[in-house]
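Read top to bottom, the protein sequences are chains A and B.
Numbering-wise, my numbering puts 134 at position 130 of the first sequence, and it's gapless, one number per residue.
Numbering-wise, my numbering puts 25 at position 11 of the second sequence, and it's gapless, one number per residue.
I should point out that these hints are in silico values taken from the structure, not numbers from a laboratory.
Cβ coordinates follow ideal geometry from the N, Cα and C atoms, glycine included.
Any given hint could turn out to be false.
Computed beta-carbon distance windows for the label pairs [as the list claims (entries may be wrong)]:
#1 E112(B) <-> I151(A): 47 to 53 angstroms
#2 A78(B) <-> V196(A): 20 to 26 angstroms
#3 M141(B) <-> L239(A): 47 to 53 angstroms
#4 G34(B) <-> D10(A): 22 to 28 angstroms
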Amino acid sequence: MSLHRDDGIVLRAQKLGEADRVITMLTRERGRLRLVAKGVRRTTSKFGARLEPFAHVDFQTFERENRALGMITQAETIAPYGGQVVGDYARYTAGTAMLETAERLTEEGEPALQQYLLLLGGLRALVGGEHAPGLVLDAFILRSLSIAGYAPSFRDCAGCGNEPDDGMAWRFFSLPAGGVVCPACKPGGAAVPQQATVDLLGALLAGEWESADASEPRHRREASGLVAAYLQWHLERGLRSLRLVERQ
Amino acid sequence: MYEGVVQDLIDELGRLPNIGPKSAQRIAFHLLQADPVDVKRLAETLLKVKETVRFCEVCGNVAAAERCRICLDPRRDASVLCVVEESKDVVAIEKTREFRGRYHVLGGALSPIEGIGPDELRVRELMARLADGVVTELILATDPNMEGEATASFLARMVKPLTADGSLRVTRLASGLPVGGDLEYADEVTLGRAFAGRRKIDG
Ligand SMILES: [Zn+2]
Ligand SMILES: [Zn+2]
Numbered sequence: 005m006s007l008h009r010d011d012g013i014v015l016r017a018q019k020l021g022e023a024d025r026v027i028t029m030l031t032r033e034r035g036r037l038r039l040v041a042k043g044v045r046r047t048t049s050k051f052g053a054r055l056e057p058f059a060h061v062d063f064q065t066f067e068r069e070n071r072a073l074g075m076i077t078q079a080e081t082i083a084p085y086g087g088q089v090v091g092d093y094a095r096y097t098a099g100t101a102m103l104e105t106a107e108r109l110t111e112e113g114e115p116a117l118q119q120y121l122l123l124l125g126g127l128r129a130l131v132g133g134e135h136a137p138g139l140v141l142d143a144f145i146l147r148s149l150s151i152a153g154y155a156p157s158f159r160d161c162a163g164c165g166n167e168p169d170d171g172m173a174w175r176f177f178s179l180p181a182g183g184v185v186c187p188a189c190k191p192g193g194a195a196v197p198q199q200a201t202v203d204l205l206g207a208l209l210a211g212e213w214e215s216a217d218a219s220e221p222r223h224r225r226e227a228s229g230l231v232a233a234y235l236q237w238h239l240e241r242g243l244r245s246l247r248l249v250e251r252q
Numbered sequence: 015m016y017e018g019v020v021q022d023l024i025d026e027l028g029r030l031p032n033i034g035p036k037s038a039q040r041i042a043f044h045l046l047q048a049d050p051v052d053v054k055r056l057a058e059t060l061l062k063v064k065e066t067v068r069f070c071e072v073c074g075n076v077a078a079a080e081r082c083r084i085c086l087d088p089r090r091d092a093s094v095l096c097v098v099e100e101s102k103d104v105v106a107i108e109k110t111r112e113f114r115g116r117y118h119v120l121g122g123a124l125s126p127i128e129g130i131g132p133d134e135l136r137v138r139e140l141m142a143r144l145a146d147g148v149v150t151e152l153i154l155a156t157d158p159n160m161e162g163e164a165t166a167s168f169l170a171r172m173v174k175p176l177t178a179d180g181s182l183r184v185t186r187l188a189s190g191l192p193v194g195g196d197l198e199y200a201d202e203v204t205l206g207r208a209f210a211g212r213r214k215i216d217g
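Generate the whole structure from the sequences, applying the supplied hints.
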């Protein structure tokens, strides 16, 4: 029997039994955890809306060794990002895809501080409203994949590492290689995205927002298609929320 | 794992909502030990409900015929339409006896993480019902949780063009403090919403 206290971001809340929920949380110290919130669906619950998806909370759990799931005993709101997300469908769908990505690129019970901090920064950017939700999502996915060990390359060849000679980026895009490739490394069937799309992908990965914000819709569309394909390549099954993301 | 048909029963029960493997096992063994007459009645009711109950072609509520009791009732006000997630929400609102309009049952809430978008709900049917201008007030009564709020916001944006000339008013059920509770125990989201939805009081 033990008590733990930690910070976490609620990724998912699933109904359990009559009035409880299983809360999937990405925590600062212990990575992704599944925890039970007893009675949370009752209107008289002391948790209220504190344990809804997107919430950043300071919480305490009670865990027993022989029990599969720990129980949340207390939760205090640090930031209720959900309230700033639900009113805007593009934000809601992009934000949900961020939560699902974080869930899929972390392991249960394995500390994932970098992923946690990335998600926190991503949610702040999303509700900050300075950048289009679709761009925030794509930047988040590229960086989350990088932390998970699948960093893509959008300038040097992802196969041999050669730098492009003209100072631009290589033009062929290969999912198995993990980014752009030089003519020598180019496999059959490599895509040839537009130069501006490759530049946008590079800007999103590097956090060069000025350049990303100035991009055109057609390049954003092409970039998000490549990001989705790249994510899909590294996951056994695709994200459910990704096809529902509303992009302006 | 149990043998053959017993495991089949546990698997089938485990596919029901909110029933985990342990509960499925418990229900299965309860059924195995129950009186055969009781089990037969349960099985017959399950079949009968599937054969006779359907969804109202107008509002999507459960119905015993093509249209439900509420859609067929001429005393119900056709100018006020209340949008809910599920049929059980219709039952809950009917119990209040406060509402004399009609309903539209969406069949759930927008939940991207479960793969549920506008096309998976009866959104198109709702827009079709609003097209003739009979409805002058639309009440968005989706659940006061994250998915319900997102669904209400989405619908409010969908019907916005219809509100421009003042022919349609869109309202959202008030949400806020649970009646009978103490203010200090309310969480920030609930308290914030109670402030946003405060009403005038005559004194
Ligand atoms: Zn190369
Ligand atoms: Zn009906």
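Comparing the hints with the structure gives:
1. E112(B) <-> I151(A): 47 to 53 angstroms: Given range 47 to 53 angstroms: holds, Cβ gap about 52 angstroms.
2. A78(B) <-> V196(A): 20 to 26 angstroms: 60 angstroms, violated
3. M141(B) <-> L239(A): 47 to 53 angstroms: 35 angstroms, violated
4. G34(B) <-> D10(A): 22 to 28 angstroms: 26 angstroms, holds
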